[in-house]
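Participant: So for the sequence shown, the working numbering puts the first residue at 1; every next one is plus one.
Every clue listed holds true.
Have a look at the derived ranges for each label pair, beta carbon to beta carbon: (1) Pro80 <-> Val131: 27 to 35 Å; (2) Ala209 <-> Ala69: 18 to 26 Å; (3) Thr176 <-> Ala88: 35 to 43 Å; (4) Ala128 <-> Ala73: 22 to 30 Å; (5) Phe30 <-> Ala112: 30 to 38 Å; (6) Gln207 <-> Ala128: 39 to 47 Å; (7) Thr174 <-> Ala73: 39 to 47 Å; (8) Trp99 <-> Trp29: 26 to 34 Å; (9) Leu91 <-> Pro139: 25 to 33 Å; (10) Gly37 <-> Ala76: 24 to 32 Å; (11) Leu162 <-> Gln207: 29 to 37 Å; (12) Ala108 <-> Ala78: 40 to 48 Å; (13) Trp99 <-> Arg26: 25 to 33 Å.
Calculated from the structure, these hints are not laboratory results.
Note that CB positions come from ideal geometry on N, CA and C, so glycine has one too.
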Amino acid sequence: MSGHRHHHHRHHHQADDVPAGPGYRRALWFALAVNAGLFVTEAVGGHAAESVSLWADALDFLGDSVTYALALAAAAMAQPTRSRLAWAKGLSMAAIGLWVIGLAAWRAATHADPEPATMGLIAVLALAGNVAAALALYPHAEGDSMMRSVWLCTRNDALGNLAVLAAAAGVFGTGTRWPDLAVAALMAGLALHSGIAVMRAARAELQNAST
Numbered sequence: 001m002s003g004h005r006h007h008h009h010r011h012h013h014q015a016d017d018v019p020a021g022p023g024y025r026r027a028l029w030f031a032l033a034v035n036a037g038l039f040v041t042e043a044v045g046g047h048a049a050e051s052v053s054l055w056a057d058a059l060d061f062l063g064d065s066v067t068y069a070l071a072l073a074a075a076a077m078a079q080p081t082r083s084r085l086a087w088a089k090g091l092s093m094a095a096i097g098l099w100v101i102g103l104a105a106w107r108a109a110t111h112a113d114p115e116p117a118t119m120g121l122i123a124v125l126a127l128a129g130n131v132a133a134a135l136a137l138y139p140h141a142e143g144d145s146m147m148r149s150v151w152l153c154t155r156n157d158a159l160g161n162l163a164v165l166a167a168a169a170g171v172f173g174t175g176t177r178w179p180d181l182a183v184a185a186l187m188a189g190l191a192l193h194s195g196i197a198v199m200r201a202a203r204a205e206l207q208n209a210s211t
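When you get a sec, could you build the whole thing from the sequences and use the hints?
Facilitator: Below, the structure is given as structure tokens:
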């Protein structure tokens with residue numbers, strides 16, 4: 001998957017060659033505002049629609065908001081500090097994936113079916129916001145592990161929005177909760193995969209900095 005792409009080329013980067021200028025910071029502030037708003041929207045919608053995939057997407061947005069705040073704080077920091085923050089963010093991405101797997105298993109044992117119309121409407125709104133954030137951040141996708149984690153989170157959320165739309169269609173078509181749970185499990189797997197990729201890139205940067 002693309003989570004592993006190119007990070008082996010960037011282990012030598014120092015803070016002074018990271019493009020953390022005004023354009024990058026503006027993009028981060030914009031993405032932070034979008035994701036914080038979408039987290040609230042999807043959390044409310046996930047509760048109302050009883051949808052695990054919407055909850056998974058909402059938690060992605062919460063994690064992204066934390067990522068953007070960390071990236072803003074880290075922009076002026078030395079590279080080892082940035083790499084440690086990126087490692088912590090990767091760990092949080094993986095933890096979100098595990099939490100969603102647990103929630104999906106719990107919902108599988110209950111008999112509440114999600115409401116597909118609410119799922120679909122909120123997923124469309126979230127996709128629009130996420131595409132805007134992704135376009136703002138794309139020019140900075142090939143920075144160090146912190147900038148890489150920012151891009152991966154944004155990309156994953158866009159894929160997650162599309163997956164929630166597919167889940168809503170599946171729930172509507174089958175009248176059961178299983179499409180919602182299946183999509184939530186896939187999203188959890190993506191969060192785990194990307195989190196591990198970010199942790200590996202950050203660890204490699206730290207190892208290189210200590211040699």
